[in-house]
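Novice: Chains A and B, in that order, give the protein sequences.
All the letters of the first sequence, read from the start, carry residue numbers 1 to 114 under the numbering used here.
All the letters of the second sequence, read from the start, carry residue numbers 115 to 227 under the numbering used here.
Some clues are possibly wrong.
[Claimed, not checked] Chain A stretches covered by chain B per the calculated footprint, using a threshold of three residues with CB under 8 Å from any CB of chain B:
#1 37-49
#2 89-101
#3 106-112
By construction, these hints were calculated from the structure, which means they are not laboratory data.
In this text the structure is predicted, and so the values were computed from the model without any measurement.
Even glycine gets a Cβ: it sits at the ideal position worked out from N, Cα and C.
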Amino acid sequence: DSGVTQTPKHLITATGQRVTLRCSPRSGDLSVYWYQQSLDQGLQFLIQYYNGEERAKGNILERFSAQQFPDLHSELNLSSLELGDSALYFCASSLQPSSYNEQFFGPGTRLTVL
Amino acid sequence: GNSVTQMEGPVTLSEEAFLTINCTYTATGYPSLFWYVQYPGEGLQLLLKATKADDKGSNKGFEATYRKETTSFHLEKGSVQVSDSAVYFCALTLQGGSEKLVFGKGTKLTVNP
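Just chain A, with the same shape it has in the complex (with noise of 0.2 Å):
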């Protein structure tokens, strides 16, 4: 158990709908990530929070938006889905942003869209 929690753990869903995932980070990481895995594209990079800011974005679509709350925990919004948004995702979460770090991975949200 990496200590950080994601929630739903599965997601089924129509194309045009909206939907929200949660991340706990681990207790005491400030920086969020958000990365994609699909059997197409692998594993990307989406978008990193650190303490409640924007650090950087990656490949994310800009039907995507995501955001980090005072008390840490990130929620990534996905809307007007598309068969191809379907993917496994995972947020990470580190102490402090470092590219020493090692990054603490949930257990993913699997978004199914139909």
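Once you have looked at the hints, place chain B on chain A.
Specialist: Same frame as chain A, but now just chain B:
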């Protein structure tokens, strides 16, 4: 750009066999290198890391050496166990840059008794 290339899987070995999973990288700056492991139905766990040239990361019998001259970080284990069956990801972050992990495509390892 920055990228990681891993050997294509899947890899199937018998218990106690020697394991090598090749990983090479391309980086615009000085990278830190990582191996993560993903067991079925779980998130990724850090297996080992190295942050400068010639460093060797090791954990649970696995080893990898940061080779700057060949831009490689190959994963090795002398004697694999059934419990090592998982997907292994090589990854990098850029020192002084964004802390995002850039992953290889992953190599699925199956170890048979």
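Novice: Now tell me if each hint is right for this structure.
Specialist: Verification of the hints:
| no. | hint | verdict |
| --- | --- | --- |
| 1 | 37-49 | holds (count 5) |
| 2 | 89-101 | holds (count 8) |
| 3 | 106-112 | holds (count 3) |
Against the hints set out earlier in the document, no violation occurs for any number.
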